[in-house]
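Number of protein chains: 2
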Amino acid sequence: MIGVIATLRIQDGKTEEFEGVFTALAAQVRAAEPGNIAYQLCRSRTEPGTYKVLEIYADADALKAHGASDHFKAAGPALGGVLAGRPDVEYLDCV
Amino acid sequence: MIGVIATLRIQDGKTEEFEGVFTALAAQVRAAEPGNIAYQLCRSRTEPGTYKVLEIYADADALKAHGASDHFKAAGPALGGVLAGRPDVEYLDCV
Numbered sequence: 001m002i003g004v005i006a007t008l009r010i011q012d013g014k015t016e017e018f019e020g021v022f023t024a025l026a027a028q029v030r031a032a033e034p035g036n037i038a039y040q041l042c043r044s045r046t047e048p049g050t051y052k053v054l055e056i057y058a059d060a061d062a063l064k065a066h067g068a069s070d071h072f073k074a075a076g077p078a079l080g081g082v083l084a085g086r087p088d089v090e091y092l093d094c095v
Numbered sequence: 001m002i003g004v005i006a007t008l009r010i011q012d013g014k015t016e017e018f019e020g021v022f023t024a025l026a027a028q029v030r031a032a033e034p035g036n037i038a039y040q041l042c043r044s045r046t047e048p049g050t051y052k053v054l055e056i057y058a059d060a061d062a063l064k065a066h067g068a069s070d071h072f073k074a075a076g077p078a079l080g081g082v083l084a085g086r087p088d089v090e091y092l093d094c095v
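Going line by line, the protein sequences match chains A and B. According to the numbering used here, the first sequence holds residues 1 to 95 in order. According to the numbering used here, the second sequence holds residues 1 to 95 in order.
Hint data in this document are derived by calculation from the structure and do not stem from the laboratory. Remember, it's a predicted structure, so these values are computed and weren't measured experimentally. Heads up, the beta-carbon is just placed ideally off N, CA and C, and yes, glycines get one too. Any given hint might turn out to be false.
Unchecked claim - Partial selection, computed: residues in chain B whose CB lies under 10 Å from chain A:
1) Val29
2) Arg43
3) Ser44
4) Leu79
Unchecked claim - What the simulated footprint calls covered on chain B by chain A, stretch by stretch (three residues with Cβ under 8 Å from a Cβ of chain A suffice, anywhere in the stretch; the number is not a length):
5) 13 to 25
6) 49 to 63
Required output: the full structure, derived from the provided sequences and hints.
Rendered as structure tokens:
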């Protein structure tokens, strides 16, 4: 299995819009990706406007399928309009 | 729900012992804590000897129950013998 921690920083005043877009994406990920085990959006308690997504995939193919999915690609423009910069994505090997 | 990212640094030569202790603990957490939704040990790909645990709990009571559980307390001495320092624990609010 593969773990991912994606850190997303959102523009001032855009967090509500971001949460709407991302929770809709997360519902699609959970419903449509059999190789996805967890995809949980979380809000930082210490850094305003910063979110971390906790993700777990069955294997490298499942992670690849996530990035190639129509729903993930479709969310790109809306997310691009609210992100304050490029996401930081950390990949981990599950034990 | 509450998300947790726990970062654990392990002493040189102790990672195999750590993985054995921690995966046994994780199995107990998943089996015995109804309020725990995810508890996944992951190995850093970039920092040797560093692990991150991706955790999700139903609510604050579930997180409290985790910390107060017999299995969590019982793992303390074994983990203390292999950790290279205090864990860094980040708490997050799930969206």
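- Would you pick out the hints that fail for this structure and give their numbers low to high? 1 and 4
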